[in-house]
Amino acid sequence: MHDKGVYRLLYLNGVKSVRPLLKLSASYMPMTLQLQQLLLHFCLLRVIEKESKQQAVNDLKSIDQLRSFIIYMKKIWSYISTIYKNSKLNVKLFITITLIMVITLVFVLAGLQYAFSLYDEQIYAKSSQVLMMSSNSIEEELKRVEEVSFNIAMDPQIQKNLLELQGDVNGYDFYRIEQDIEEELASYVGSERYIQSIYLYDAGGREFLAGSSSNPIREIDKYLALNEAVKYEGKNHWMERDGYNQYLSSVRLIRSYKNLNFENIGKLLIRVDLDQIISSLPKTRGEIAGNIVMTKGEQVFYSEKEQMNVVSNFPFRAKKEQGYHIENIKGERYFVNYITTDFENWTYWSIIPFNLMFSKVTAAKYSLVLVFMLMFVILISLGFKFLRRITNPIEDLVTTMQDVQRGNFNVAGSLNPSLVYEDEVGILYRNFKTMIERIDELIKENYSKQLLIKETEFKALQAQINPHFLYNTLESVNWLAKSNKQKQISSMVEALGHLLRNSINFNEDIITLEKELEIVNSYLTIQKYRFEDRLDFQMDIPSNVIQCKIPKLTLQPLLENSFIHAVEPSLGSSVIKLTAYQEEDRLCIRIEDDGPGIDPLIIQKVKEGKVKPKGTGIGLNNIDERIRLGFGEQYGLKVENLSGKGTVITVVLPFETRC
Numbered sequence: 001m002h003d004k005g006v007y008r009l010l011y012l013n014g015v016k017s018v019r020p021l022l023k024l025s026a027s028y029m030p031m032t033l034q035l036q037q038l039l040l041h042f043c044l045l046r047v048i049e050k051e052s053k054q055q056a057v058n059d060l061k062s063i064d065q066l067r068s069f070i071i072y073m074k075k076i077w078s079y080i081s082t083i084y085k086n087s088k089l090n091v092k093l094f095i096t097i098t099l100i101m102v103i104t105l106v107f108v109l110a111g112l113q114y115a116f117s118l119y120d121e122q123i124y125a126k127s128s129q130v131l132m133m134s135s136n137s138i139e140e141e142l143k144r145v146e147e148v149s150f151n152i153a154m155d156p157q158i159q160k161n162l163l164e165l166q167g168d169v170n171g172y173d174f175y176r177i178e179q180d181i182e183e184e185l186a187s188y189v190g191s192e193r194y195i196q197s198i199y200l201y202d203a204g205g206r207e208f209l210a211g212s213s214s215n216p217i218r219e220i221d222k223y224l225a226l227n228e229a230v231k232y233e234g235k236n237h238w239m240e241r242d243g244y245n246q247y248l249s250s251v252r253l254i255r256s257y258k259n260l261n262f263e264n265i266g267k268l269l270i271r272v273d274l275d276q277i278i279s280s281l282p283k284t285r286g287e288i289a290g291n292i293v294m295t296k297g298e299q300v301f302y303s304e305k306e307q308m309n310v311v312s313n314f315p316f317r318a319k320k321e322q323g324y325h326i327e328n329i330k331g332e333r334y335f336v337n338y339i340t341t342d343f344e345n346w347t348y349w350s351i352i353p354f355n356l357m358f359s360k361v362t363a364a365k366y367s368l369v370l371v372f373m374l375m376f377v378i379l380i381s382l383g384f385k386f387l388r389r390i391t392n393p394i395e396d397l398v399t400t401m402q403d404v405q406r407g408n409f410n411v412a413g414s415l416n417p418s419l420v421y422e423d424e425v426g427i428l429y430r431n432f433k434t435m436i437e438r439i440d441e442l443i444k445e446n447y448s449k450q451l452l453i454k455e456t457e458f459k460a461l462q463a464q465i466n467p468h469f470l471y472n473t474l475e476s477v478n479w480l481a482k483s484n485k486q487k488q489i490s491s492m493v494e495a496l497g498h499l500l501r502n503s504i505n506f507n508e509d510i511i512t513l514e515k516e517l518e519i520v521n522s523y524l525t526i527q528k529y530r531f532e533d534r535l536d537f538q539m540d541i542p543s544n545v546i547q548c549k550i551p552k553l554t555l556q557p558l559l560e561n562s563f564i565h566a567v568e569p570s571l572g573s574s575v576i577k578l579t580a581y582q583e584e585d586r587l588c589i590r591i592e593d594d595g596p597g598i599d600p601l602i603i604q605k606v607k608e609g610k611v612k613p614k615g616t617g618i619g620l621n622n623i624d625e626r627i628r629l630g631f632g633e634q635y636g637l638k639v640e641n642l643s644g645k646g647t648v649i650t651v652v653l654p655f656e657t658r659c
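Going by the working numbering, 28 is the number at position 28 of the sequence shown; the sequence numbering is gapless.
Hints were generated in silico from the structure; no laboratory data involved. Please note: incorrect hints may appear among the correct ones.
In silico DSS-like cross-links for lysine-lysine, where the CA-CA straight-line distance does not exceed 30 angstroms [stated by the list, open to error]:
1) 143 / 258
2) 330 / 126
3) 92 / 645
4) 319 / 143
5) 319 / 330
6) 126 / 143
7) 365 / 330
8) 143 / 320
9) 160 / 231
10) 577 / 552
11) 515 / 549
12) 231 / 296
13) 365 / 143
14) 296 / 126
15) 92 / 385
16) 528 / 549
17) 645 / 528
18) 92 / 75
19) 365 / 126
Could you put together the complete structure from these sequences and hints?
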C-alpha cells in the first residue's frame, strides 16, 4: 500500500495517536512493509470496533421499540379486559363462544386442508397409476400387432406369392395369387380384433387388401407410409400423423429370405383402430377419468376425445419422464398428467378438467364450512337461551323484591321455581319465594287457601271433557242419518258410539268373552262398510266359553293388526277367522288371517323393544304383558306363521267363568 493511502485510512478512522509511530521512520522515509501491515491491522480493528458500537446502539434501539410495543399492547389488553369484565353476561357469552368457534374453525380448516391435500395427492397418484396402466395396455396391443406384421412378412406363402408376382403373371395366375394373398391376410386380420385392415403391396406397387374397406387410407398417408417402410429397411415403424387420428398405421418392408439375398419384394401396412383399443381399457369412474392424448415430442398424433379446442391450445412439452401439473387453458384449469415410455418414445397425456376432478372435494369443503356456520348459529342461540335461564330468574327476583318492598306480597305467586335449576341462583330464588309465601300465609292464610282451592277447582273443570257430550253428539248424528234414511251411516255411528263407550269406560278391566265380542262386532261393522266384498270374516265361538273372563280390549287390537297386515295390503278378498275352544283348563282364542305372515325374528325384536311396531294402537307386546301380569307367566300370546300363507295369533287364558 502507498504511504498516502495509509495516511488517508488513518485519518478517516480518526486515528491520531499513531503519529508517534510515523516519527520512528528516519527522515520520514517511506514506510516499510511491516509497518504498513501493522497500521492497517490497527485501523481494521478500529473499524470493527466502531461497527460493533453502532450495532449495539441499533440493538438497544430495537429493544426499546419492542419494550414500548409490549407496554402498549399491555395497555390495550388491560382496556379490553376491563370492558369485558364490566360487560353484561350475554355480551361475555357471545364473545367467549365467538372466540372458541373462531379458534376451532381455524384448527378444523387447517386439519381439513391437510386432509384434503393428502386426498389430492392420492388422486394424483391414482391418476398417474391409471395412465401408466393404460399406456402399458395400449403398448401390449401394439406389440401384438407388430408380431402379426412380422409373421406376415415371414409367412412362406406370402413370400412365395410375392416372388411369383415379380415375374410375368397374367390372367388366371394373377387371380389365383391374389386370392391366395387375400385369404392369407384375412386369417391374420381375424387374429387381432383391433386390426382394421391390412394392405400388402408387391414390388410393382399392386395393392392387396384384407379387412374393412369402409374407411380406406388416404393417398397421402399411403404415400408417406410406403416411403417410411423403405427408410426403415425391414423394421416395423408406426406412422404418427398430426391431429386427431382414429387409426394408427404400422409399416414394414418385406424382404425375401430365400437364399438369404434379402431382396425387397413388397411392403406391408397394417391399420389399427386406436379408438377401439383405448375404449376397451378399464375405465375409471368419477373424477380421475379424463381425455387421453398421445404425442411424440410436441407432435399430437392421437386424442381420445375430439376436444381440439383444448388440445390445440395446450403446449405438450414433457419436462421429465413422468409428472403432473395444473394448466390454465382458455381461462379454465385442467389437471394434466403425463408419462413417457420407451415404446417409440411416445408420451401419454391425461387431461382432466380441474373442476370436474375436484368437484366432490370442493362440495365437501363448502358443505363442512356451511355446517360449521350452522353450528355456530345454533351454539349462539343455545348460549343466549342458557343465559336467559340465568338472568331471567335474577331479573324476576329483583322485580319481585321491589314489589314486596312496596307491600305487595301476592307477587310471590308469579315466581315459578320449575324454571330455575338447582344452582346458587335457584337456591336464592326458592328461598326468597318460600319466605314471601310464608309471610303472605301469616297475613292472609285463610283467604289464600280458599282462593287457591277455588282456582284449582276452576282449572280442573276447564280441563275435564264430558264423554256424555260425545255420546249425545253421536246420537244426534244417528238421528239425522235415520231421518234421511241413511242406514249405513246410522249403523256405523251406532257401532262407533258403542266402541267409544267401551274404550273410555275404565270401570271394568276384566269382562266376559260375550261383552268382548260385542266390542268386536262394533269394530267389524265399521270395517265391513270400509272393505265390503274384500273381507270374508268367519267366527266360531262355542256357547260354553261365552262367559269366560278376558281382559277388556284384547281381541279388537288383534283384529286390527290382521286388518293392517293382511286386508289393507291385499287387492283381493281376505279371510279372517276368529275361533275359541277349551283346552284342558285353558281358554284358547285363535285369530287367523291369510296375509303375508310375520317374521319370527321381527316378533322377537318387537318384544325386546329393538323394533317399533307399526301403528299407534295397543300393540301385541302390550296385550301379552297385560295377560301375563293378570293371570301368570304361563298365559299370553302365541304368534306363528302358517305353512302356506298367513298368520295365527292365539290368546291363551285360564278357563274361568266367574267375573
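Holds or violated: residue 528 and residue 549, Cα atoms, limit 30 angstroms.
OK: residue 528 and residue 549 at ~27 angstroms, within 30 angstroms.
Hinted pair residue 365 and residue 126, Cα distance within 30 angstroms
With a Cα-Cα distance of about 21 angstroms, the restraint between residue 365 and residue 126 holds, given a limit of 30 angstroms.
Agreement of residue 92 and residue 645 with the hint, judged by alpha carbon distance not exceeding 30 angstroms
violated (68 angstroms)
Given pair status - residue 296, residue 231, alpha carbons within 30 angstroms:
With a Cα-Cα distance of about 19 angstroms, the restraint between residue 231 and residue 296 holds, given a limit of 30 angstroms.
30 angstroms limit on alpha-carbon distance, applied to hinted pair residue 160 and residue 231:
holds (24 angstroms)
Regarding the pair residue 126 and residue 143, is the alpha-carbon distance no greater than 30 angstroms?
This hinted pair holds, its Cα atoms lying about 26 angstroms apart.
Between residue 319 and residue 143, is the straight-line Cα distance small enough, at 30 angstroms or below?
holds (27 angstroms)
Would you mind confirming whether the straight-line C-alpha gap from residue 645 to residue 528 stays at or under 30 angstroms?
With Cα atoms ~23 angstroms apart, residue 645 and residue 528 stay inside 30 angstroms; holds.
Holds or violated: residue 365 and residue 330, Cα atoms, limit 30 angstroms.
The hint holds at about 26 angstroms.
For residue 92 and residue 385, compute the direct alpha-carbon distance and say whether it is at most 30 angstroms.
holds (14 angstroms)
Keeping to a limit of 30 angstroms between CA atoms, is the pair of residue 365 and residue 143 held or broken?
Cα-Cα ~45 angstroms, so violated.
Given the hinted pair residue 92 and residue 75, is their Cα-Cα distance within 30 angstroms?
holds (20 angstroms)
The structure shown violates the earlier hints numbered 3, 13.
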